[in-house]
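Chemist: Put together the whole structure using the sequences plus the hints.
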Amino acid sequence: MLPTAPLRPLALALATGFAVPLAVSAPAATLRTSLSDDLATIDPFVFPGMASAGVLRQVYEGFTATDADGRIRPALATGWETPDGGRSWRITLRHGVRFHSGREFTAADVLWTWERHLTRKPQPGYSAFHLRGIDGAAALSRGEAASLAGVTIADPYTLVVRLTGADALFPLYPFLFVDRGMEAEHGAAWREHGSGGTGPFRLVSWQRGERVQLAAHGDHWGGAPRVDGVQLSILPDPNTLLARYDDGTLDVAPLPENVVRTAVRQPRYAGQVQAFPRAQVRYLAVNQQLYPPFRDWRVREALRLALDRAATVEGLHAGRAVLTDGFATPGLGGYRPARTGAAPADPARAKALLAEAGFAGGHGLPPLQIAGTPNVREEATFFAAQLGAVLGIPVGVRIQDRASFVAAINAGGEALFFNGWTADYPDPLDQLASQWHSASPTNRSRWRDPSFDRLIEQARGLPDPAARHDLYREAERLLDSEAVAVPLPVPNHVVLVRPGVTGVAIWPDGTPDFRNARLP
6 MLPTAPLRPL ALALATGFAV PLAVSAPAAT LRTSLSDDLA TIDPFVFPGM
56 ASAGVLRQVY EGFTATDADG RIRPALATGW ETPDGGRSWR ITLRHGVRFH
106 SGREFTAADV LWTWERHLTR KPQPGYSAFH LRGIDGAAAL SRGEAASLAG
156 VTIADPYTLV VRLTGADALF PLYPFLFVDR GMEAEHGAAW REHGSGGTGP
206 FRLVSWQRGE RVQLAAHGDH WGGAPRVDGV QLSILPDPNT LLARYDDGTL
256 DVAPLPENVV RTAVRQPRYA GQVQAFPRAQ VRYLAVNQQL YPPFRDWRVR
306 EALRLALDRA ATVEGLHAGR AVLTDGFATP GLGGYRPART GAAPADPARA
356 KALLAEAGFA GGHGLPPLQI AGTPNVREEA TFFAAQLGAV LGIPVGVRIQ
406 DRASFVAAIN AGGEALFFNG WTADYPDPLD QLASQWHSAS PTNRSRWRDP
456 SFDRLIEQAR GLPDPAARHD LYREAERLLD SEAVAVPLPV PNHVVLVRPG
506 VTGVAIWPDG TPDFRNARLP
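To convert, note that position 248 of the sequence shown is 253 in this note's numbering; the numbers rise steadily by one, no gaps.
The list that follows gives simulated cross-link-like pairs (lysine to any residue, SDA-like), each with its CA atoms no further than 20 Å apart:
#1 K126 - R137
#2 K126 - M187
#3 K126 - A189
#4 K356 - G366
#5 K126 - A416
#6 K126 - I47
#7 K126 - F50
#8 K126 - A144
#9 K356 - R303
No lab work stands behind these hints, which were simulated from the structure alone.
Modeler: Have a look at this one:
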């Protein structure tokens with residue numbers, strides 16, 4: 006079945022950024038919600054950031070997905086097996102899956118998607134990091150091969166993937182598969198003309214800075230959503246967000262972290278606040294390349310000991326946050342870290358370490374700024390004041406819009422900044438490898454340690470979760486001993502839901518689940 010919504014308005018909206026009327030009115034049963042940041046991209050081959058990821062996961066799907074309880078479930082694959090401990094995988098695809106174009110999803114779309122990630126210029130696609138272990142991936146990326154040698158299509162619904170080393174988690178990686186017919190039909194700019202996924206919703210329009218419109222995919226393999234569509238208004242100002250919710254023009258209002266404390270204490274929202282656990286690690290990152298004093302672990306450790314992070318759980322997050330001292334979410338895939346509690350602040354020890362490093366009272370340290378987005382302004386201000394009071398370090402705060410901030414930290418342009426990672430799949434490897442492996446494109450701290458890389462690569466090849474977890478604990482102990490960052494409280498996903506609206510959920514990876522939403 007071909008999509009019923011016209012595509013030309015989408016092309017104009019994307020190309021110009023101006024609001025363009027759709028040729029058909031929005032469906033009556035449209036769930037109205039919001040985004041606190043504009044999308045960074047609608048390109049499924051580009052690392053999206055949280056706002057774009059939440060939308061793209063409505064439109065595109067992978068082999069597996071994570072449900073609201075954090076458990077893995079089959080999605081576009083119905084089975085996967087390895088005869089040799091993860092060195093090769095036979096993956097069986099779901100029959101009868103339809104793209105938004107009406108074309109059938111097959112193994113050829115999987116291979117096409119992977120090859121596009123590996124050959125994308127000037128930068129490879131975001132999944133290239135997960136694909137690097139496939140036999141022939143390096144040759145294809147370098148332009149020395151015309152195809153991905155390690156993938157064989159046994160039949161339209163079966164792939165055999167041959168790896169250069171064991172990878173026990175390969176089928177769980179967050180691949181988003183794309184309709185290869187879109188490029189054939191519309192050319193390289195196909196994203197401006199249509200929706201290229203299999204997800205429960207298809208992209209109708211993106212009006213930059215204004216809204217995103219999704220429509221239900223009636224032929225979704227899991228059944229059509231119970232709403233006709235979803236409209237996501239881009240509302241970066243929290244006062245506007247709450248005003249829109251109060252006047253009834255929003256059904257669901259996801260609350261930015263800096264709004265939760267105020268909103269949940271308002272009597273008018275009694276019974277309308279819902280909180281969901283977040284599979285995230287969060288920390289103050291330090292870039293040793295950009296700020297030379299951070300090359301001394303004593304300076305980095307002094308930062309951690311100077312900050313009263315526990316005070317922010319109640320003070321800034323109204324108790325809807327969890328503080329640990331690790332770099333992987335406890336419980337993720339059954340993981341139990343070596344240390345679950347957070348070490349308390351120790352100002353005296355912090356001052357002593359800074360003095361040992363040659364910066365007693367902060368003297369001799371160049372000025373610093375804590376960089377972040379508007380939702381962390383209060384937290385950044387609190388930490389900056391503490392660092393000044395305890396260590397004597399001159400610390401300011403630099404708040405940027407999300408797009409500028411992400412561009413800056415991706416380019417290595419910030420010395421001290423808020424960062425984190427929400428798990429894309431339920432295994433600690435995701436958070437540990439994506440943030441700290443030297444080959445990861447999202448290692449924004451630029452920290453590198455061959456010993457850590459070896460632990461991660463060894464864990465990747467172990468099919469036994471208990472054995473993998475032992476190595477994860479060792480890797481975390483290394484991160485902790487090196488004081489690579491300052492772990493911070495992880496807030497829950499908190500939303501306001503209008504009375505009578507049911508079935509809305511947020512998965513631990515931050516993806517809103519609107520498939521079962523019902524309007525009053």
